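**Student:** Listed below are the residues making up each chain.
Number of protein chains: 4
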Amino acid sequence: MYKYSFYNDYSEGAHPALLELLTRTNYDQEHGYSNDSLCLQAVELIQAQIQNQQAAVHFIPGGTQTNLIALASMLRPYESVIAASTAHIAVHEAGAIEATGHKINTVCAPDGKLTPEQVLAVLVDHTDEHMVKPAVVFISNSTELGTIYRKADLEALSRVCRQFNLLLYLDGARLGCGLTARESDLTLADLSQWVDMFYIGGTKNGALMGEALVISNPNLQEHFRFHLKQHGALLAKGRLMGSQFVGLFQNNLYFDLARHANASAEHLAQGIMALGYPFLTPPATNQIFPILPDRLIESMSQFYGFYVWKKMEDNCSAVRLVTSWATPGEKVEEFLKDLRFG
Amino acid sequence: MYKYSFYNDYSEGAHPALLELLTRTNYDQEHGYSNDSLCLQAVELIQAQIQNQQAAVHFIPGGTQTNLIALASMLRPYESVIAASTAHIAVHEAGAIEATGHKINTVCAPDGKLTPEQVLAVLVDHTDEHMVKPAVVFISNSTELGTIYRKADLEALSRVCRQFNLLLYLDGARLGCGLTARESDLTLADLSQWVDMFYIGGTKNGALMGEALVISNPNLQEHFRFHLKQHGALLAKGRLMGSQFVGLFQNNLYFDLARHANASAEHLAQGIMALGYPFLTPPATNQIFPILPDRLIESMSQFYGFYVWKKMEDNCSAVRLVTSWATPGEKVEEFLKDLRFG
Amino acid sequence: MYKYSFYNDYSEGAHPALLELLTRTNYDQEHGYSNDSLCLQAVELIQAQIQNQQAAVHFIPGGTQTNLIALASMLRPYESVIAASTAHIAVHEAGAIEATGHKINTVCAPDGKLTPEQVLAVLVDHTDEHMVKPAVVFISNSTELGTIYRKADLEALSRVCRQFNLLLYLDGARLGCGLTARESDLTLADLSQWVDMFYIGGTKNGALMGEALVISNPNLQEHFRFHLKQHGALLAKGRLMGSQFVGLFQNNLYFDLARHANASAEHLAQGIMALGYPFLTPPATNQIFPILPDRLIESMSQFYGFYVWKKMEDNCSAVRLVTSWATPGEKVEEFLKDLRFG
Amino acid sequence: MYKYSFYNDYSEGAHPALLELLTRTNYDQEHGYSNDSLCLQAVELIQAQIQNQQAAVHFIPGGTQTNLIALASMLRPYESVIAASTAHIAVHEAGAIEATGHKINTVCAPDGKLTPEQVLAVLVDHTDEHMVKPAVVFISNSTELGTIYRKADLEALSRVCRQFNLLLYLDGARLGCGLTARESDLTLADLSQWVDMFYIGGTKNGALMGEALVISNPNLQEHFRFHLKQHGALLAKGRLMGSQFVGLFQNNLYFDLARHANASAEHLAQGIMALGYPFLTPPATNQIFPILPDRLIESMSQFYGFYVWKKMEDNCSAVRLVTSWATPGEKVEEFLKDLRFG
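Residue numbers (the working numbering), protein chains in the order written: chain A, 1 to 342; chain B, 1 to 342; chain C, 1 to 342; chain D, 1 to 342.
For the record, the hints were derived by calculation from the structure and aren't laboratory data. Quick caveat, the model's predicted, so the values are computed rather than measured. Don't take each hint at face value.
On the chain B side, residues computed to face chain C include the following (Cβ under 8 Å) [what the hints assert, rightly or not]: (1) 77; (2) 92; (3) 94; (4) 98; (5) 278; (6) 280; (7) 316; (8) 317.
Among chain A residues calculated to face chain C with C-beta under 7 Å, some are [to be verified]: (9) 77; (10) 78; (11) 116; (12) 130; (13) 229; (14) 230.
In silico negatives: residues of chain C with every beta carbon more than 12 Å from chain D [as the list claims (entries may be wrong)]: (15) 5; (16) 24; (17) 30; (18) 44; (19) 51; (20) 128; (21) 159; (22) 208; (23) 255; (24) 276; (25) 329.
All C-beta atoms in this analysis are idealised placements derived from N, C-alpha and C, irrespective of residue type, glycine included.
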């Protein structure tokens, strides 16, 4: 077995406060399908955080399901979604978006972020009814490459979307780490203002499971529970998701957990930099991509779990190291020590 | 608030043994997407129960999602599924099956059960390529009306399916109660023999969430995880479902919980019968449908949660009372006492 | 070979005037995809006939394709369409509507016509997001059973639809015969007023192929060509359909051809009645359903093509006889003579 | 109006022999839905041409419809199709393939042709159930850029497909021109041997409308008419398509028409080359892409219809000129003369 796995941020279960809340409320009889008191409380906590009482909030078991439901609800049959070619929906959802009938127009974006210019270029290329009609822009924060959107990035993108009648959707599987990154100047309230729909990821930030989808654009809220039901996302015991998000948002635990993950990654990154290794993208959140000699990767991989991300030149490769709310400081230290003596 | 809710069998959380297991394994680092040690152990426990080591077993968050994935995986684009007009997929899944592209051929079945004759009648009606081609028969056990299939029923249906090249699928949302009903002579091993695909419902039998889909027909097993992923059913922390089913099957807890629910319903039914009230369908499992005077229903509904199911003659209605693994004996007593003095 | 086939109204090719127009315009260079001068002229002719310059008109190769595109364009993913259980979309389109993701809520309607009460009953049954949301009412005129809607029928249905925010769609595969039936008091202009979308069938009324879809509700017109293209209905040589409809509507040929078909059927029906045979539904258009002794059916079927529609009591069956724009009077006479001496 | 339109190869109607056959058979009573004697005869003629009596042949109104039906019939829900990024299905079908639920994996192919290496690279990238599973390779001949596959190209691609269990599909919208190109050494019989499914395009080679889909792989033939019906491709008067293909294949007219189109394009290309202009891709079939000064394009476009394809450097652009079965030699001469004195 490994000394520690840096494979991902969902290797452990849930933060103990969430398990405790689950246990404490276990015998309360509640209504089904997210009409329970825990979900209602979680909705209110989230509305308060995003400073938008009019936002609709729904709880969905997982991220792929959230993305497919959200996008399917926003698109007419002939409409498409613009995304980075590295986007989760474009690569790692087994064609879930296409299975709802929609094309993804991919854009090459080496750092995982979309720019207004890239979006406009797609629009210019789509001229008539022989092609799909791009209607939604998909972004993630943090991105698949650990990078983040700053406030100015998001505002610029949002303005272009509104000017050209595009909806803006944000995949927040790792939103906690995105918002609490050292370089971030974005808040949940900003998202609610600039983004039409986004989700606050629970699974990768200390919950057992569950994502909170926020619909800030009122035009997109009507009849949304039909979409949830049709795709099997209305759980009979929706209370499970409600209690997770109550736990995450009642004492800012959500942000504390993300900060811990980011701090662990930063610690790791600084230690790796101190050893003189470069990075594929500048470390910003809880996913970092150091470039290491293949020989060293081989020896380290006997003791630690992580993915080799990309073959580089000179017998080196970028690896992905992911920290989480649960990463113990001593495991980071141990990794760095082993790397030094690798 | 109610003295007690008989609305359904998912009003409480999970059996404490499941929460305890969850907590105990919480910090173990596991692989994601149901490749964890808990899911693997749960698969083995279920294979042992069904006496079929070749069966594939997958864990899915909820019942609608399970049904839509299972049926979509079995059907070619032009094929349809035969079901009772009261079937969950026909009425209560917001068009989830049609959303995957498939028609449901409904059959009027007052007790919720399908017969070989009804299936054959649908086949006879579908003669050429101007119509859909029925390819799967959908049943549930227990049914939406609380009734059950006995071994002879299931064998007869299965034989007709095999003879006419139809697949047989069983929705086991309430399979525990179906199999442990007093009148039942069916086992999980029988199902594995006579049914191509079925699911063992966790949510309605004491789990926090999760259904275990069993694919006993080897021809239907290949590449199944792609179907799961495409519909968002591969949870990053699949371990959550794995641990539930380990807990349910390691000491036969699954059957004990179902027996408790059935016994509670039987107790309730006998008390109601003793008061002279008739039933819409003969009580058999944890859903019972007594026919009560509307005036009595009105007074009881101030203290107890339950659905009015169907308006009957003479100012009476059938109501649905549902018991669960968590129903306390004293609440049943209290209900009966209140009914007596209604 | 048969003396004559009464199987259907598409056994012959096209009315010679249409072939002549096709040939005359053959070498004109035209724009593709229904942007040609013939389609434009046909649109204007139809707008004039329906007395609605704001209506959008599109040409589509066949009826099933028209129905599936029209309904898919009107429905949100969770919405359904209400139709008679005998409707073409419910039985004879191989699941085409479901393949676009939508459920059909069927209503038992022995004469093939829907009433406001039947529509309301479906609405009452659909109460929440666990079920689909009915959003469109589908009717046909004439119906699958040869019956027609009178003006009062259509108005009543339309008023209920508007009151309950349902769209009304009319399948006009046999609209010519429906509107020119002796009992009909409806016009194309009435349809444009009371129906949101409908099609004027060409294939079954003398055209080589092609249906003209009329979108009278302006809210449903936007971006419609995307729907056409996505389902493969934008033909490169859309001119073929344009020229058919120019031919059909420039001298009222459309109505003349339908009147001929109706008159032939009426002639046939009167001859059969004179022999004392009853009918399944009162003869009204070009499809009639006399009930004949099985023995007589057997002998007649050696000389004439027709479908046995429904087994009746006393060794009799209803058969379907269909006349068309091309049915020669002498063939009707010959059939009646043979029937008399059958 | 233009002196002549080189916009495309479907600006005129049909070759007069096809109209003549249509008229001659117009009053014959035929069975509907391509069960008529003309379709049967066309199937036999095509089976003879491809030297494969076991091939199934179906007639479909248009190319986009053919592609979407063919691909949907070949793919399981989680499977994808590999295509050039310029492929018709990837750009110009309004998301028709995605609307059937499937992703297209695009490959950058400047000349519009796919190589075995490109196909293998896509396979290597798709490793597990988090991604789609590539299952079909889509090519066209001639391609969107007028280029062709030679026998060795096709064999190499086909061998790789068979080795890796991929199906090979060929879009033959312009197959006539592809096979009769001066450089081509391929025959219809070769296609039937090396390709699992392909279509012989009628619309762009002298027919009023209609494409003949050939299924040479017997495993893909079963129940195919259900697919046709479900997508609205079974026309009631399928005879129209049957008669077109009888006309095209009874005297090798199909190849004669394509040769005329190619010869016209070659004439045009040689004239343009003689004036010293370069080409975007080497002229091979009836679509040629000369690079002309923008000033000259502007003046020529007042008199001739054609598309500007791509902006090039030095104030030049590539234009697309398309010839057809109907292009008169004198129009080519006139174009060249005007170009010379432009």
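**Student:** Please go over all the hints and tell whether each is borne out by the structure.
**Tutor:** Structure-based check of each hint:
1. This hint holds: residue 77/B has a C-beta 6 Å from the nearest C-beta of chain C, less than the 8 Å allowed.
2. Evaluation of the residue 92/B hint against chain C yields a held restraint, the C-beta minimum of about 5 Å falling below 8 Å.
3. A distance limit of 8 Å between C-beta atoms decides the matter here; for residue 94/B the minimum to chain C is near 6 Å, and the interface restraint holds.
4. For residue 98/B, the suggested interface contact is upheld, since its CB lies about 4 Å from the closest CB of chain C, less than 8 Å.
5. The restraint placing residue 278/B at the interface with chain C is violated, with a minimum CB-CB distance near 25 Å, outside the 8 Å limit.
6. Of the supplied interface hints, the one on residue 280/B is violated, with its beta-carbon coming no nearer than about 18 Å to a beta-carbon of chain C, more than 8 Å.
7. At about 20 Å, the closest approach between the beta carbon of residue 316/B and any beta carbon in chain C exceeds 8 Å, and the interface hint on this residue is violated.
8. Of the supplied interface hints, the one on residue 317/B is violated, with its beta-carbon coming no nearer than about 16 Å to a beta-carbon of chain C, more than 8 Å.
9. Restraint check, residue 77/A versus chain C: the minimum CB separation of about 6 Å is within 7 Å; hint holds.
10. Taking 7 Å as the C-beta contact cut-off toward chain C, the hint placing residue 78/A at the interface holds, the least distance being around 4 Å.
11. With 7 Å as the threshold, the beta carbon of residue 116/A stays out of range of chain C, its nearest partner Cβ sitting at about 24 Å, so the hint is violated.
12. Nearest Cβ of chain C to the Cβ of residue 130/A: about 6 Å, under the 7 Å cut. The hint holds.
13. Hint on residue 229/A holds. Least Cβ distance to chain C is approximately 5 Å, under the 7 Å limit.
14. For residue 230/A, the interface hint holds, since its Cβ comes within 7 Å of a Cβ in chain C; the closest pair sits about 5 Å apart.
15. Chain D draws residue 5/C into its interface by the beta-carbon criterion, the shortest separation being 5 Å against a cut-off of 12 Å.
16. Look at residue 24/C: its CB is around 10 Å from the nearest CB on chain D, not clear of 12 Å, so calling it non-interface is violated.
17. A cut-off of 12 Å between C-beta atoms contradicts the statement that residue 30/C is not in contact with chain D; the least separation is 6 Å.
18. Even its closest Cβ contact with chain D, about 20 Å, leaves residue 44/C beyond 12 Å, as expected for a residue assigned away from the interface.
19. With a cut of 12 Å on Cβ distances, residue 51/C stays outside the contact zone with chain D, its closest approach being about 29 Å.
20. Chain D leaves residue 128/C outside its interface by the beta-carbon criterion, the shortest separation being 28 Å against a cut-off of 12 Å.
21. Non-interface call for residue 159/C relative to chain D: holds, since the shortest CB-CB distance, roughly 31 Å, exceeds 12 Å.
22. Distance check for residue 208/C against chain D: the nearest CB is about 5 Å away, which does not clear 12 Å, and the non-interface claim fails.
23. Its beta-carbon lying about 21 Å from the closest one in chain D, residue 255/C satisfies the requirement of being farther than 12 Å from that chain.
24. Against the 12 Å criterion, residue 276/C stays outside the reach of chain D, whose nearest CB is about 29 Å from its own CB.
25. Look at residue 329/C: its CB is around 15 Å from the nearest CB on chain D, clear of 12 Å, so calling it non-interface holds up.
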